[in-house]
Amino acid sequence: MIGTLNAMIQGLLLGGLYALFAAGLSLIFGVMRMVNIAHGDLIVASAYFAYFVMQMLGIGPFTSLLIVVPVVAAFGYALQRWLLNYTLGAGDLPPLLVTIALSIILQNVLLIVFTADVHRLQAGPIEIASWAFNSELSVGVLPVLQFVTSVIIIGALQLLFYKSSFGRAFRATSDDQQVAQLMGIETRHIFSLAMALSLAVVAVAGVFLAIRTNFNPFTGPLLLIFGFEAIVMGGLGSLWGTLVGGILLGIAQAIGGQIQVGLPFVAGHVAFLAVLYFLPQGLFPKVSQ
Amino acid sequence: MNAAVAVADLPLKVIRGDRVTHLGMTFWTILVIVLAFGPFWADRQSLRLLSEILSYVALASLWNLLAGFAGLVSVGQQTFVGIGGYTLYLFALGLGVNPLLGLPVAAVVGGIASVPIFLLLQRLRGPQFTIGSWVVAEVFLQIAQQLAVVGGGSGISLPAAVVRSIAQSRDAREFLIYWGFLAITVVVVGGIVMLLRSRYGLALTAIRDNEMAARSNGMDVGRIRLVAFVVAAILTSATGSMIFLQKLSITPFSAFSMNNWTVYIIFMTVIGGIGRVEGPIIGVAIFFLLRQYLADLASTYLIILGVVAILIMLKWPKGIWGSIADRYGWQLFPLARRLVRLTGPQATGSP
Amino acid sequence: MTLLSVNDLTAFYGDFQALYGISLAIEAGQIVAIIGANGAGKSTLLNSIAGLIPNRSDMIVLDGEPVGALRAPQMVMRGVALVPEGRRLFPSLTVKENLLIGGQLRRPGPWSLKRVFELFPMLRERADNPSHSLSGGQQQMVAIGRALMSNPRLLLCDELSLGLAPIVVKEIYAQLPTILGEGTAVVIVEQNVMQAVAASSHLYCLQEGHVSLEGASNQLDHDAIKAAYFGV
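Residue numbers (the working numbering), protein chains in the order written: chain A, 1 to 289; chain B, 1 to 351; chain C, 1 to 232.
Excised from the complex, chain A in its bound form (with noise of 0.2 Å):
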């Protein structure tokens, strides 16, 4: 009993950084329409790059964040303004098609610069720091603090997207991209402004997720899964609503894994195939316009 507990909590902290995943994914989706099949695999390659830069320069994974988190940013608005612009306008087929190929270009660069063999950032004492309830239960600092932050960064997306002129820009982009330029928006530029924030967010995610668990260059699919599953849970439409679907997602997967090992993953798909099946809206539907 206890035990589950426990995995629960695991869970729902770790469902945290799936609905970082997620709010990358759906900015993306919600301001150009575009699903974008390599996010995972560019989660991955941030992860690559920290472990880089941690080697490098001799820092730690936290201090890595203030080079990876601009420098991913930044490729994410070339990514866009000079390769993915390009797909958008003529149906949903070049996007996803072009995306697919750019994960595959993805692992494979990495499967050569990094090989196969698993890698993992290392946090230090932080990593094994666990504030105890009682003897048998306890939470460790590091869920906590990833915990904390996804919402922290989940609360500011918020801001940014209601309360800013920023926001409203994207919001507008995603409403009607020929009026919006009406009003001197530069699409191309606010598209490549959504991919470079998409990836900041992500970056932090997966810095995140790499302290936690083992990579390799092939992780990255499941990841994009992962946050696909918290946003069709949530329900399109709200960053709150995402945020709960991964917390569901990671608590569904833990509760898996404490009925067989290598079940958490067919836990989570099934959880995600139930909402699907019986909320297609979500959690939390868009409300209809």
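Mixed in with the good hints there might be a few duds.
Some chain C residues near chain A, calculated using beta-carbon distances under 7 Å [stated by the list, open to error]:
#, residue
1, ARG88
2, PRO91
3, GLY102
Each computed SDA-like pair below joins lysine to any residue, with the alpha-carbon atoms no more than 25 Å apart [said to hold, decoys possible]:
#, chain 1, residue 1, chain 2, residue 2
4, C, LYS96, A, SER164
5, B, LYS318, C, GLY14
6, C, LYS114, A, GLY167
Heads up, incomplete: computed chain A residues facing chain B, CB under 7 Å, no partners named [to be verified]:
#, residue
7, LEU96
8, ILE104
9, LEU276
Note that these hints are calculated values from the structure, not bench results. Computed from a prediction, not measured in an experiment: that's the story for all the values here. Every residue, glycine too, gets a C-beta built ideally from N, C-alpha and C.
Chains B and C: place on chain A using the hints.
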């Protein structure tokens, strides 16, 4: 193949092809005959390579039916390859019969499984369908790893006794399996041509060109897509069963491999020409030609394919065949309907 | 002084030619009306001027500068604003946000949130409502206000009266002199010919992508307009 239909009383008729189409059909006919005699001119290794090529023509053509015509971009077709493979193994091992009999069973099981899968995925709109199809494939992969009856993560092999029940001599077995691949591929490509020529084909083309307009013209887009998805699932499962019959062993990762059964296929189809029946065939040919020279490069080969696919998508979104065909008006299958004015004595005649 | 001149403008949608060599001139502080039947090319003309449809550079000249090849955001920066047909407010933005986004380039000029609320006082009360909760007439006011927020030298209005009650149309048209008073030239595209003639000082009639008639609005003969409009 000179199908002609008179249109009302006007001196017009609909034709399905021209000289290039005739040449094309002649070419396909000769090609199939030459391939049918494969065992008489090819050695064992070449037959295996030909089998692999044929299986990819079938899989890529089926993916193209979904993505290029039905507007369903799936990255989860490995679901059906795996279902087909495992069904054949379970059937042959469970009943101890000739594994070739498992082929139709695999097709039926794949078709039945595809209905609930489609009904579930249909709830995801547009590009979300794509990731959804991937989740389904992941679920099957994970379940296959957990199930003891299919050997869990280490998979199962066909015992020698079962293999011998296909045919006694090794040559006979290899020939039968090769002909199996050839038959499936002919059925797949021929079936797609027939499907596209039918009422459903017109509807599929209409949906691909403009889904909104197709809907407002009263087409049941969901039902037409269901038909395409189930047909693709049946034939993909059949192909999958043959692939693993030839391999003699199956594991979850080989059965539900994203790279082998989806990524390669997408690259082939995009390079050859998505939304054209000829496209995947040309794409498979290019893929295998490149592989002869670049296979040793392993991951570099995949990077090159990825870059080529991106360049093609951006510069020639209709692919190599689509761009050439548009430019010269070629088609190697009698598909497009063309209206021509009749001249001479035919003009006043009725059909 | 000529603010905007359109020179021999052509426009295509794929193989279909929508405009065949349109030429017109708009003076600063003038209201110009463009009339014509459905499909005559009126909206295409406005979209070309606003930069939504790319053209050859010299086909559109603003204040001496060839601007035909510029895109919509660059045209807004130069003081050309379009009120699109069907209003097309941003549904996820409130009324106030719709107005603010119109002014986000911060082009200097007389128009501000405060001035727009003075022009259409009822918008002030609805400022924080979602834009789609407004009536058609109110939405049209937001669309005009949104365009004014960019402080345009030239305001292009596509079918202001479409789908609105006559009394609302009258109310909206009554504000045009105020807009003009701030030194903005206005182009109105209308299907309602009487409205267009009454509101404008100069009038162009389009027919199948050609200018079929032009002249000072108060000097054009009713039958001539009818002939030019229907092409009979």
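Now the hints, each set against the structure:
Residue-level restraint check for ARG88 of chain C holds (minimum Cβ-Cβ distance to chain A is 5 Å; threshold 7 Å). Hint status for PRO91 of chain C relative to chain A: holds, with the closest Cβ pair at about 5 Å, below 7 Å. A least Cβ separation of about 6 Å between GLY102 of chain C and chain A falls short of the 7 Å threshold, and the interface hint therefore holds. For the given pair, LYS96 of chain C sits about 13 Å from SER164 of chain A by alpha-carbon distance, which is consistent with the 25 Å threshold.
Among the hinted pairs, LYS318 of chain B with GLY14 of chain C is consistent with the structure: their alpha-carbon atoms are about 18 Å apart, no more than 25 Å. Under the criterion of a C-alpha separation no larger than 25 Å, the hint pairing LYS114 of chain C with GLY167 of chain A is consistent with the structure, at around 23 Å. With a cut of 7 Å, the hint placing LEU96 of chain A at the interface with chain B holds, because the nearest CB-to-CB distance is about 5 Å. For ILE104 of chain A, the interface hint holds, the least distance from its beta-carbon to any beta-carbon of chain B being 5 Å, beneath 7 Å.
Hint status for LEU276 of chain A relative to chain B: holds, with the closest Cβ pair at about 6 Å, below 7 Å.
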